Amino acid sequence: MKILTISYQIMCILAVTMMAYSLDPVRLRKFNENLMKCSEKLGASTTSLSAEALVCALDRDGKLLDDNGEYIRDAVVQSMEDAISDPSTVKKARETLNKCFDDADQSGTTGREQTIKIATCHLPLVSSFDKLK
Numbered sequence: 142m143k144i145l146t147i148s149y150q151i152m153c154i155l156a157v158t159m160m161a162y163s164l165d166p167v168r169l170r171k172f173n174e175n176l177m178k179c180s181e182k183l184g185a186s187t188t189s190l191s192a193e194a195l196v197c198a199l200d201r202d203g204k205l206l207d208d209n210g211e212y213i214r215d216a217v218v219q220s221m222e223d224a225i226s227d228p229s230t231v232k233k234a235r236e237t238l239n240k241c242f243d244d245a246d247q248s249g250t251t252g253r254e255q256t257i258k259i260a261t262c263h264l265p266l267v268s269s270f271d272k273l274k
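Just so you know, my numbering puts the end of the sequence shown at 274, numbered straight through with nothing missing.
Some hints here could point you the wrong way.
Stated by the list, open to error - No more than 16 Å apart at the CA atoms, straight line, and that leaves these computed lysine to aspartate or glutamate pairs for EDC-like:
(1) Lys-240 <-> Asp-215
(2) Lys-204 <-> Asp-215
(3) Lys-232 <-> Asp-246
(4) Lys-272 <-> Glu-174
(5) Lys-258 <-> Glu-211
Hints were generated in silico from the structure; no laboratory data involved. If you're wondering where the values come from, they're calculated on a predicted model, not measured in any experiment.
Please take these sequences and the hints and turn them into a complete structure.
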C-alpha cells in the first residue's frame, strides 16, 4: 500500500512539473495565429516572415517581451526550445539565439531597436519551429 501511495505522489509531482515547465499547445497555436495576423496587419506576406511581424506576435504573447518592449531572454529561449522537437536543432538554435542576444547587447541598442535587431538575427530559426504546425 505504501508503494502505491508513493507512486501516486510521484506521478502527481511529475504531472505538475510537466504542466509548469512545458509550453502550452494552445499558447503555441495562438502564437502561430498571431504571426499570421501580424503579417496581415503589417501588409507583409504570410508566407515570408518579417522581423516586425515576429515582434508583433511576441508582443501579443504577453510573456516574451518586458515593459520596455525588450526580449525576456530566458522566456524566449525556453519558448524556442519548446517549439522545436529535434534536440540537435534545439542546440543549434539556442547557440544562434544566444549569439543574437550577445551581438545586440554589444551594439549598445536598447528598447524596440534592440528587439528588432535580435528578431532580424534569429528570424531564420522560426522555420525550425516544427511544433507550430
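Quick rundown of the hints versus the structure:
Restraint check for Lys-240 and Asp-215: the C-alpha separation of about 14 Å stays at or below 16 Å, so the hint holds. Annotation: proposed proximity of Lys-204 to Asp-215 holds, straight-line Cα distance about 11 Å (limit 16 Å). A C-alpha spacing of about 21 Å is found between Lys-232 and Asp-246, which places the hinted pair above 16 Å, so the restraint is violated. As the CA atoms of Lys-272 and Glu-174 are separated by approximately 13 Å, the hinted pair is consistent with the 16 Å bound.
Taking the CA atoms of Lys-258 and Glu-211, the gap is about 11 Å. The hint holds against a cut of 16 Å.
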